[in-house]
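Asker: Here the structure of chain A is known, so what remains is to put chain B in place on it, guided by the hints.
Protein chains: 2
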Amino acid sequence: MPSTLAKTLAVSLGAALFAAGAAMANDDELQFYLDQFEPLPALPPIPANNSLTPEKVELGKMLFFEPRLSSSGVISCATCHNPALGWTDRLPRGTGHEGQIGLRNTPTVLNSGFLTSQFWDGREPDLEGQALGPIQAADEMAMDLDEALERIEQFPIYVEHFARAFPDDENPINAQNVAFAIASFERTLNTPNSPFDRFLRGDRGAMTDQQVDGMKAFVDNGCVACHHGPNLADGLFHRFDLPGPTDLGRFVVTGDEADRYHFRTPTLRNVAVTYPYFHNGSIDNLHDAVNLMGDQMLGQEFDDETLEALVAFLHALTGEMPNVTIPALP
Amino acid sequence: MPSTLAKTLAVSLGAALFAAGAAMANDDELQFYLDQFEPLPALPPIPANNSLTPEKVELGKMLFFEPRLSSSGVISCATCHNPALGWTDRLPRGTGHEGQIGLRNTPTVLNSGFLTSQFWDGREPDLEGQALGPIQAADEMAMDLDEALERIEQFPIYVEHFARAFPDDENPINAQNVAFAIASFERTLNTPNSPFDRFLRGDRGAMTDQQVDGMKAFVDNGCVACHHGPNLADGLFHRFDLPGPTDLGRFVVTGDEADRYHFRTPTLRNVAVTYPYFHNGSIDNLHDAVNLMGDQMLGQEFDDETLEALVAFLHALTGEMPNVTIPALP
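Chains A and B supply the protein sequences, listed in that same order.
Residues in the first sequence are numbered consecutively from 1376, following my numbering.
Residues in the second sequence are numbered consecutively from 1376, following my numbering.
Calculated from the structure, these hints are not laboratory results.
Using N, Cα and C, we set each Cβ at its ideal position, and we do this for glycine too.
Possibly wrong hints are sitting among the right ones.
[Claimed, not checked] Which chain A residues face chain B? A few, computed with CB under 8 Å, are given here:
hint : residue
1    : Pro1442
2    : Ser1447
3    : Val1449
4    : Cys1455
5    : Asn1457
6    : Pro1458
7    : Leu1460
8    : Asp1464
9    : Gly1474
10   : Gly1477
11   : Leu1478
12   : Met1696
13   : Pro1697
14   : Leu1704
So here's chain A without its partners, still in its complex pose (with noise of 0.2 Å):
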């Protein structure tokens, strides 16, 4: 759906809710609300090519903490999607190889699997395509990934752990495999049971009230056009202004006119503890974030009541993260 449309749908949609809205104080009125959304599942889709097994879990944990992917040796996967900080790195952007800033704000990889693109400019359909981007990147890990291969083959417990990850191939240790890997890793890193997961599966108190109306306010006004479906993405691009540094995005890919300045729709799962917001970082709280979302997206300016009601309610995205230990690598 292409942004304008979603924006004329969602500001309909919004207006005449918000008329109705009123009259309606209802459980048929809650349902409306609920049925707009879904929890998270326990685990986002799974390609048919790679299917998730404990082996390739283990060894890609082991391969997102080993720094020795890069090329200086001391920036891992885990350096700017660190499991401390909601596995982003809470700078405006992201800061790689001998200290250089990147163009674009670290997307935190928490529920990463649900989303139908990867990148602010959605460049690879699927982790398996994005794992390798960030090792190679002249910004982030620059490393030549037939160097990280020979690194990996020195430890035996890697080769021991990718024999075990891919028992079918004569020589596991290849790029493929290390994707493979990786984004089966992140397919595990989701974050379950947030208030609002509870209180869609009928736990009337897992949110609080205001957090209630938040939602129905992000409904009324259509946020939810954009945020829907498990990860509350839908894994379209548009068009965003913002303060600070920019690039060409979605038009990098597809040299579309049309794409110039579009970014990928991002979760907000999470998103109180993935700031700063947006894909150059420059917003760094949810208040001012909403805000530049009602403005740009939807044309409309949120009285602080609803303001207040829409934060409250994205803090109710904060789920459960993954307990993960740190690996003891060779």
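Answerer: Just chain B now, with coordinates in the frame of chain A:
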């Protein structure tokens, strides 16, 4: 004990025991060796002015993993003292701010509370003195301490944690308390129950015969003269001539010509998982490290059997890694 004296004593002791070795094959013989060592205590000494409390340890853990203590915002203590890598970085020399490579090898934090001085040149007497060094060092975290404190103060969760950890302080967020908290956390990072410790405590099956032979050779050849006490380190400084870049070592601290190129004896605990070795990280495997020590400290070449036994013994010094969960940072 100056290193020359240590060397003389060690060699004499070694020679005397070697001569008597063949005749002793009983409990008395074993007891003689056991008497040279002590198992790792549960905790290192706690300084009178920094009692070890759970509140300080918890805060110290957060600060240890806190990348916003670095000017780039992506380097924390745990970057170079990486829990996945034996609480060091497994690089020849530390790599810090903007990819700068430092002068010296990163020492493990494990059991560092048992050391009687900190840094390779011993310039700080304790972990409290050590903790603030790397935060400020231009080639490590490159951070201004005042700015670090300002960043911390912005987070209500840190304000709470500092107040709980230092309840008697009116303004608990200060540099000294950062050092106190990090040092407290580090004092909990110990590795008890290595095969060696279990053997010392009477579990005669904990080490292999080869490891027991290695333990005896470690005494017989005089290694124990410098590597003794709970952390197998004498706290003294000895001259090393290593391949690769070096620096003036202890001389930088004392200005005493006799200290030129002298470096502190490192712990041998967990040495198998804390490669590469020596103050410039120029040696990457235990066989070469043991040979170099034989040559430079003891003036002798080990035969193959002795070398293999010594290396096997060093593997018995790997203890149980501390079970540290990744903290959730604000």
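Asker: Against chain B, is serine 1447 of chain A within 8 Å by beta-carbon distance?
Answerer: holds, 5 Å
Asker: Can the hint on leucine 1478 of chain A be confirmed by a CB-to-CB distance to chain B that is less than 8 Å?
Answerer: This interface hint is violated because 16 Å lies over the 8 Å limit.
Asker: Does leucine 1704 of chain A pass the interface hint, meaning its C-beta sits closer than 8 Å to a C-beta of chain B?
Answerer: holds, 5 Å
Asker: Was the hint right that glycine 1474 of chain A lines chain B, CB cutoff 8 Å?
Answerer: holds, 3 Å
Asker: Holds or violated: is there a CB of chain B closer than 8 Å to the CB of glycine 1477 of chain A?
Answerer: violated, 11 Å
Asker: Going by Cβ atoms only, is proline 1697 of chain A closer than 8 Å to chain B?
Answerer: violated, 10 Å
Asker: Given leucine 1460 of chain A as an interface hint, is its Cβ closer than 8 Å to any Cβ of chain B?
Answerer: Holds: closest Cβ of chain B sits about 6 Å from leucine 1460 of chain A, inside 8 Å.
Asker: Does aspartate 1464 of chain A hold up as a contact with chain B if the rule is Cβ-Cβ below 8 Å?
Answerer: This interface hint holds because 6 Å falls under the 8 Å limit.
Asker: Would the hint on valine 1449 of chain A stand, with a C-beta cut-off of 8 Å toward chain B?
Answerer: holds, 5 Å
Asker: If you take the shortest Cβ to Cβ gap from proline 1458 of chain A to chain B, is it below 8 Å?
Answerer: The hint holds - proline 1458 of chain A has a Cβ within 8 Å of chain B, the shortest such distance being about 5 Å.
Asker: Taking the closest Cβ pair, is asparagine 1457 of chain A under 8 Å from chain B?
Answerer: Check passed: Cβ of asparagine 1457 of chain A comes within 7 Å of chain B, closer than 8 Å.
Asker: Given a cut of 8 Å on the nearest C-beta pair, is the interface hint for proline 1442 of chain A held or broken against chain B?
Answerer: With a minimum Cβ separation of about 7 Å from chain B (threshold 8 Å), the hint on proline 1442 of chain A holds.
The structure fails to meet hints 10, 11 and 13 from the earlier list, while all remaining hints are met.
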